[in-house]
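K.L.:
If you're matching positions, the sequence shown starts at 1 in my numbering and goes up one per residue.
By construction, these hints were calculated from the structure, which means they are not laboratory data. Worth double-checking, as some hints may not be accurate.
What the hints assert, rightly or not - Straight line, CA to CA, 25 Å or less: simulated DMTMM-like cross-link-like pairs of lysine to aspartate or glutamate:
no. : residue 1 : residue 2
1   : K77       : D235
2   : K122      : E183
3   : K119      : E141
4   : K270      : D49
5   : K119      : E79
6   : K119      : E98
7   : K197      : D60
8   : K262      : E183
9   : K274      : D126
10  : K198      : E65
11  : K260      : E98
12  : K73       : E183
13  : K191      : D126
14  : K77       : E91
Claimed, not checked - Between beta-carbon pairs, the in silico distance windows are:
no. : residue 1 : residue 2 : range
15  : E183      : D263      : 45 to 53 Å
16  : E194      : D263      : 37 to 45 Å
17  : F265      : E183      : 27 to 35 Å
18  : D51       : T221      : 48 to 56 Å
19  : E211      : K77       : 33 to 41 Å
Quick caveat, the model's predicted, so the values are computed rather than measured. Think of the CB as a built atom: it goes at the ideal place given N, C-alpha and C, for glycine as much as any other residue.
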Amino acid sequence: MFKKLFTLILLFMQLITGSCIGFTVSAENFNKLKTHLSVCEGYPDNISDVDCATRASILDMKDLEISQKSLFKVGPKKEFDIHLWNYNNIEDFAKLMEQLLNSSIQRLYVNKILSNAFKEPKVLKDLFLHLPEKEKDSILERWLELSPFNRRVDKAKYALSPEAINSLINELTKNACRLQEGEKAEQMLLKSLEKVKKNMVKMKVYTGAIEQVLYKIHKGTWIGNDALLVKLNHDPKYHYAFTEFRKEGFEYNNKTIANKFKDLFEDLCKTMAKLNNHYEEL
1 MFKKLFTLIL LFMQLITGSC IGFTVSAENF NKLKTHLSVC EGYPDNISDV DCATRASILD
61 MKDLEISQKS LFKVGPKKEF DIHLWNYNNI EDFAKLMEQL LNSSIQRLYV NKILSNAFKE
121 PKVLKDLFLH LPEKEKDSIL ERWLELSPFN RRVDKAKYAL SPEAINSLIN ELTKNACRLQ
181 EGEKAEQMLL KSLEKVKKNM VKMKVYTGAI EQVLYKIHKG TWIGNDALLV KLNHDPKYHY
241 AFTEFRKEGF EYNNKTIANK FKDLFEDLCK TMAKLNNHYE EL
């Protein structure tokens, strides 16, 4: 009875958070729940053993009767994200990958634009000095007119979401003030380029995960299994994606599963097509 009640509470928590990618929980937030992760060294703050975290997560999924679970910042250097789906929620792999890719792409655009801005810091100073708050909405357009790098920025502007444009405006304003106060443009340029590199790594890792799953679906590797494991290593030097279809004893509907994988394949192809367009713009 307690187990059923506990599961209902978890489902209710999932509904009120509005999640579209299933039940996701980080290692640090999972310590209040009964979890097999407690046997892993470093739990709950820094689980270093990725295999232990994977095995424990599968057991948790079975005990809590959930279809998906994610752990973030696992491993010796907190370089791994671990994602698991059983076949009941397999389509959410595409949703999560698109969500992660979009986030990295938006940050990449913003920081590439900022990198260009730091090459001509005088433009920033002249534009933002004593600029009234009410003119904030026109900052980006005015900067585009003045910037010697306006061609690349103007092209990227149309690929940015409204949220990313607001973020860019805020960053431009903040950095103009920092330059005015005497901080070196070279330091800000290096920080921005480091963020560009970080998000390029993430994009490569996410792309690798999608390509691997697409290939394995095409080859029929999913047949006879019941779960998908995705490990994403974001280490700047040794980054990679590892994907594996596994048989762990989860139940699913044999009559509908083929259509689920057909839809997943199509969704992943659409995501890759969008990504290729972004690569051309970048």
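K.L.:
For every hint, state whether the structure bears it out.
P.N.:
Taking the hints in turn, this is what the structure says about them:
For the proposed pair K77 and D235, the alpha carbon gap of about 8 Å is at most 25 Å, so the pair holds. A hinted pair counts as satisfied when its Cα atoms are at most 25 Å apart, and K122 with E183 qualifies at roughly 13 Å. Restraint check: the Cα-Cα separation between K119 and E141 comes to about 18 Å, which is no more than 25 Å; the hinted pair holds. Restraint check: the Cα-Cα separation between K270 and D49 comes to about 35 Å, which exceeds 25 Å; the hinted pair is violated.
About 32 Å separates the Cα atoms of K119 and E79, which puts this hinted pair outside 25 Å; it is violated. For the proposed pair K119 and E98, the alpha carbon gap of about 32 Å is over 25 Å, so the pair is violated. As the CA atoms of K197 and D60 are separated by approximately 35 Å, the hinted pair breaks the 25 Å bound. Annotation: proposed proximity of K262 to E183 is violated, straight-line Cα distance about 54 Å (limit 25 Å).
For a cut-off of 25 Å, the pair hint linking K274 to D126 is broken: about 37 Å separates their Cα positions. Taken as a hint, the K198 and E65 pair is broken in the structure, with Cα atoms around 35 Å apart against an allowance of 25 Å. For the hint pairing K260 with E98, the CA-to-CA distance comes to about 17 Å; that is within 25 Å, so the pair holds. A C-alpha spacing of about 32 Å is found between K73 and E183, which places the hinted pair above 25 Å, so the restraint is violated.
This hinted pair checks out: K191 and D126 have alpha carbons roughly 22 Å apart, not beyond 25 Å. Between K77 and E91, the direct Cα distance comes to roughly 30 Å. Violation of the 25 Å bound is thereby established for this hinted pair. Taking the beta carbon of each, E183 and D263 are about 50 Å apart, inside 45 to 53 Å as hinted. A C-beta distance of roughly 38 Å is found between E194 and D263, which places it inside the suggested range of 37 to 45 Å.
Checked against the hint of 27 to 35 Å, the C-beta distance between F265 and E183 comes to roughly 49 Å, which is inconsistent with it. With their beta carbons about 21 Å apart, D51 and T221 fall outside the hinted range of 48 to 56 Å. For E211 paired with K77, a C-beta distance near 25 Å fails the hint of 33 to 41 Å.
Hint compliance for this structure: hints 4, 5, 6, 7, 8, 9, 10, 12, 14, 17, 18 and 19 are not met, and every other hint is.
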